[in-house]
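Engineer: If you want the building blocks of each chain, they are given just below.
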Amino acid sequence: MQQLYPLFVAIPLGVAFLILLFPKSLTKLVEVIVAIAEIILLIMVIALIGHEPFSYFIGKWIPPIGITLVSDSISTLLLLLINIVGLLSLLYSFKYMEMYTSKIRFYSLFMLMVAGMSGVVITGDIFNLFVFLEIATISSYALVGFGCEHEELEASFKYMILGSVSSTLILLGIAILYATFGTLNMADLANSILANGINRSVLFAEGLFIMGFGLKGAMVPFHAWLPDAHPSAPAPISAMLSGVLIKACGIYAIIRVVYHVIGMTNITHIILMSLGVLSMVVGVLLAVGQWDFKRLLAYHSISQMGYVMVGIGLATPLGILGALFHLMNHAFFKSLLFLCSGAVEYSTGTRNLKEMGGLFKRMPVTSSSCSIASLSISGIPPFNGFWSKLLIIIALVQAEYYAIAAVTVGVSFLTLVSFIKVQRYSIFGDLPEKLKNIKEVPVLMGTVLVIFAVLCLLSGLLYPFFGNTLLEIARDTVIDQQKYIQLVLQVVP
Amino acid sequence: MTIYLMCFFLFVMGLYCLIAKKHLIKKIIGIAILDYAVNLFLILIGYKSGGIPPVLFEGMNKQTFSQQSVDPLPQALVLTSIVISLGVLIMMVSIALRLYEKYKTFDTSEISRLRG
Amino acid sequence: MGMSLIVKKVTQFVIGLIFLYGINIILFGHLGVGGGFAGGVILTCGFILIMLVFGREKAIQKMRTNVAHFLSCIGALAFLAIALLGYIDGTFFFNFIDHGKEFHLHSAGLIPFADIAISIIIVSAIFTIFVLLVFFGRFVGDAEEYENDEEYVGNIDRNL
Amino acid sequence: MLVFYTLLAIMILGSIVAIETRNLLSSVISVGIVGFTLSILFLMLGAPDLAITQVVVEILALVILIRATISVDNTAIEKHRDTFAMVSSLVFVGLFLVFASYAFLEMHAFGESLMRTSQHYLDNGLAETGASNIVTSIILDYRAYDTLGEATVLFVSVLGATVIMRRIGRKRGVNL
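Chain order of the listed sequences is A, B, C and D.
Oh and the first sequence: position 145 is 145 in the numbering used here, straight run, nothing missing.
Oh and the second sequence: position 20 is 20 in the numbering used here, straight run, nothing missing.
Oh and the third sequence: position 137 is 137 in the numbering used here, straight run, nothing missing.
Oh and the fourth sequence: position 28 is 28 in the numbering used here, straight run, nothing missing.
Hints listed in this document are in silico derivations from the structure and should not be mistaken for laboratory results.
From the three backbone atoms N, C-alpha and C, an ideal C-beta is built for every residue, glycine too.
One thing to keep in mind: the hints can contain errors.
[Unchecked claim] Where chain B lies over chain C, by a calculated footprint (3+ residues, C-beta under 8 Å): (1) 30-40; (2) 65-78.
[Said to hold, decoys possible] What follows is a set of in silico ranges between Cβ atoms, one per label pair, in the way DEER data are often shown: (3) B/105 / D/97: 32 to 38 Å; (4) A/2 / B/57: 40 to 46 Å; (5) C/89 / A/468: 36 to 42 Å; (6) D/91 / A/439: 53 to 59 Å.
[Said to hold, decoys possible] Simulated pairs of lysine-lysine, DSSO-like, Cα-Cα distance not exceeding 27 Å: (7) A/434 / A/421; (8) A/103 / D/171; (9) B/22 / B/102; (10) B/104 / B/22; (11) A/103 / A/24; (12) A/421 / D/171; (13) B/62 / A/60; (14) A/103 / A/439; (15) B/104 / D/171; (16) A/24 / D/171; (17) A/439 / D/171; (18) B/48 / B/62; (19) A/28 / D/171; (20) C/101 / A/60; (21) A/434 / A/361; (22) B/102 / D/171; (23) B/62 / C/101; (24) A/361 / A/421; (25) A/439 / A/28; (26) A/95 / A/24; (27) A/354 / A/434; (28) A/103 / B/62; (29) A/436 / D/171; (30) A/95 / D/171.
Looking at chain A on its own, in the form it has when it is part of the complex (with noise of 0.2 Å):
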């Protein structure tokens, strides 16, 4: 296993590359390579689960000398959310993107964007990380516009816009710890801030760091491209950007920059604190008064973000353990929810909440699965939802935050009053003349949407059989700065 580590980035890119030489006639074909190869890689990643930790040397050469990868619990946890988001989505857009053309192209886009992701999660040097990223919403940025109409376009550019801004910030924040350091290797760079001391140049790098990646990952002050570009995205990959990008390239970065490279501060604890606060209130009281449904789903997005972000400010073991989880559960309840949505507008043709009702008649399966989602992201027990939620308050409690105890139990019930608003439009009530002949999707669709809903339900319920081996080694992974450091430069610090 250790020695196709590399095989994570290699297989979708070489997939990608290949699948573009086949001629349209054998779409079919391409449909089953793509698949094969995504399975191939969940399966190597469910290899991968409770494997010791280790570090890849590519080209032999030691750091900080070459490129090091570094497998441990926490990349591990986000490489699985990326393959099942990924299969799944994968296996919904062979009957959604139908109604685009260029396929092949929209495949080959999307393997590129896995192997991004994987990129990013799997590296364990910071130029690195930054190419991969570039890799990752570069093809975000064409899979937003992929329908080319007016509003697909105008989000797609505004993504980009501040998509390069954040990029550019990244590398700078790259370039001045490069200036102060000499050496671009994440534990490396740990291992002398740690006998150096955490100096102006340092803070300033971390400034551009959390602004940065805040704004890939959408957190509140720089969210203004989310709404936008998520719900203009084809369904699948509204689910990928909601489900893991945001998360690959936000929140999974800014955990490895703040806790294994720069190392907790009280300023930084104080900063990703009010971010996440920020995040939960805003997205959610702008996702209230939405009635585009895929909107309305996009700034949830910004509040459940602003759940993990609050976890993991909070620093503290438990809190990390539920904003772990949380990213976990958000990943899958996200996803199934754009799927629906998109399922929806498959069959109506319409994203409007008011123009929808009593969908449950003709779309049992659709709905079904909705509903359980909406229970999941307003935290009703037993689903998923609810566990990390209750995780994340009690850990706010226990540090005696109990202000933003009572905020994050407001803006959960907010959620449910938003959901309830959904489920009351489109799930409930009477059907509209216009929709009378509507039909249930496709058997894969409905497959698909059912294996979501499933995960759902058991993630939350099956927490003490995976906990151990997935989540509660990530949280110690990423307590422990010191051990990330021995890991890679193999030398006791």
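For chain A, the structure is supplied; the task is to place chains B, C and D on it using the hints.
Structural biologist: Using the frame of chain A, we list chains B, C and D on its own:
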């Protein structure tokens, strides 16, 4: 120190252009200026007074070369970064042309179907 | 199509030199100044010069866009293959070919091959994008004609 | 040393013109001035590889940008100033500059590179990789994985541009 600040001034001018200008091409120009500034900054931090390029030629004394040469690593990074900015420029120009075809304008205040 | 006779004659003379210079920079990138990327862009600029001077038909005759598309995929796959070849002797991206003599063309194992692969990607990809930009918007009037056509790039060749 | 300051001043002037002029074509050409001055500066700073690359990339970028501007019938930008955006961006930019100068006080002085890991490349690059151009030895051997990413970025952006520029995005006849 002064030269870093001048380089940084270039950077903030790019930021200013991005925030204050409402024209798509001007925004693309802003991104281009940002990229120039960051690339220049990376090369500036790797410069050594009286340094020579990090290219060995036959017959050169390897000892003096490794003492005199400027830092090669930022140059490698900048090479990557130049290519990335070319890629971003290509994408941006293509989206801007497509937007012009759809809206018949480059002005972002008129390109605003998305609200909220 | 194209420019005046003088410009054409001069370009005929110069274009060979430009291509030679580009190829030189690609092949000797590991010995002197240059490399796959710079050389690739120089070659592309040669194609652009042909396009400006002789008209776009001539440039497209030299390199059709679907060939370019094909080549860019091949180049990318070749570079990935070079990376994977490292597994023959251990790890990803291991430069396993013996290094030969210093300051000679055969001195750096896989590096010249990687340079060539990169230059193939660059030439074909940038040529594709350039043709696309030149022809973009030229078929606006008769868009309905292409209702069943999916690939816009495919149209360009057929319409010349 | 003075030459660096002069060239940088030319770059700053060029970008001021590029940002503030009302004619699109002159704006694009001023960006060209900035880019070409940057390549001269690269040459002076001991980076000939970058100078070559910057020149050719600048040519390509200019051609592409001019292609974008000549599609507009009227290249002059109408006058409408958004005072709020201008003031807020100036405040933001000023704050940024203050923080940056605060951070730069602790950085090493110009001309004294740190060379912590790079010294290894300079000392052993030729022996270990066989490439006498150390920059090439870094981008294609020590950090070749980055270059794979870089080539992929270009590939992605060209693929993305072909996708964005295709004539018809959605099929007709299918609902939606």
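Engineer: Would the hint linking residue 104 of chain B and residue 22 of chain B be met if the CA-CA limit is 27 Å?
Structural biologist: The hint holds at about 15 Å.
Engineer: When you check the alpha-carbon spacing of residue 28 of chain A and residue 171 of chain D, does it fall within 27 Å?
Structural biologist: holds (18 Å)
Engineer: Does 53 to 59 Å hold as the CB distance between residue 91 of chain D and residue 439 of chain A, or does it fail?
Structural biologist: holds (56 Å)
Engineer: Does residue 22 of chain B pair with residue 102 of chain B here, judged by a C-alpha cut-off of 27 Å?
Structural biologist: Roughly 17 Å between the alpha carbons, so the hint for residue 22 of chain B and residue 102 of chain B holds.
Engineer: When you check the alpha-carbon spacing of residue 102 of chain B and residue 171 of chain D, does it fall within 27 Å?
Structural biologist: holds (18 Å)
Engineer: Are the Cα atoms of residue 434 of chain A and residue 421 of chain A separated by 27 Å or less?
Structural biologist: Holds - the C-alpha atoms of residue 421 of chain A and residue 434 of chain A are around 21 Å apart, at most 27 Å.
Engineer: Given the proposed pairing of residue 62 of chain B with residue 60 of chain A, does the C-alpha separation stay at or below 27 Å?
Structural biologist: Satisfied, since the Cα-Cα distance of roughly 25 Å is no more than 27 Å.
Engineer: Holds or violated: are the alpha carbons of residue 103 of chain A and residue 439 of chain A at most 27 Å from each other?
Structural biologist: holds (24 Å)
Engineer: Okay, residue 2 of chain A versus residue 57 of chain B on CB: inside 40 to 46 Å?
Structural biologist: Cβ of residue 2 of chain A to Cβ of residue 57 of chain B: about 41 Å, so the range 40 to 46 Å holds.
Engineer: Sort out whether residue 24 of chain A lies within 27 Å of residue 95 of chain A, counting only the CA atoms.
Structural biologist: Within the cut-off at roughly 16 Å; holds.
Engineer: Sort out whether residue 62 of chain B lies within 27 Å of residue 48 of chain B, counting only the CA atoms.
Structural biologist: holds (17 Å)
Engineer: When you check the alpha-carbon spacing of residue 103 of chain A and residue 171 of chain D, does it fall within 27 Å?
Structural biologist: This hinted pair holds, its Cα atoms lying about 11 Å apart.
Hints 2, 12, 28 from the earlier list are contradicted by this structure; the remaining hints agree with it.
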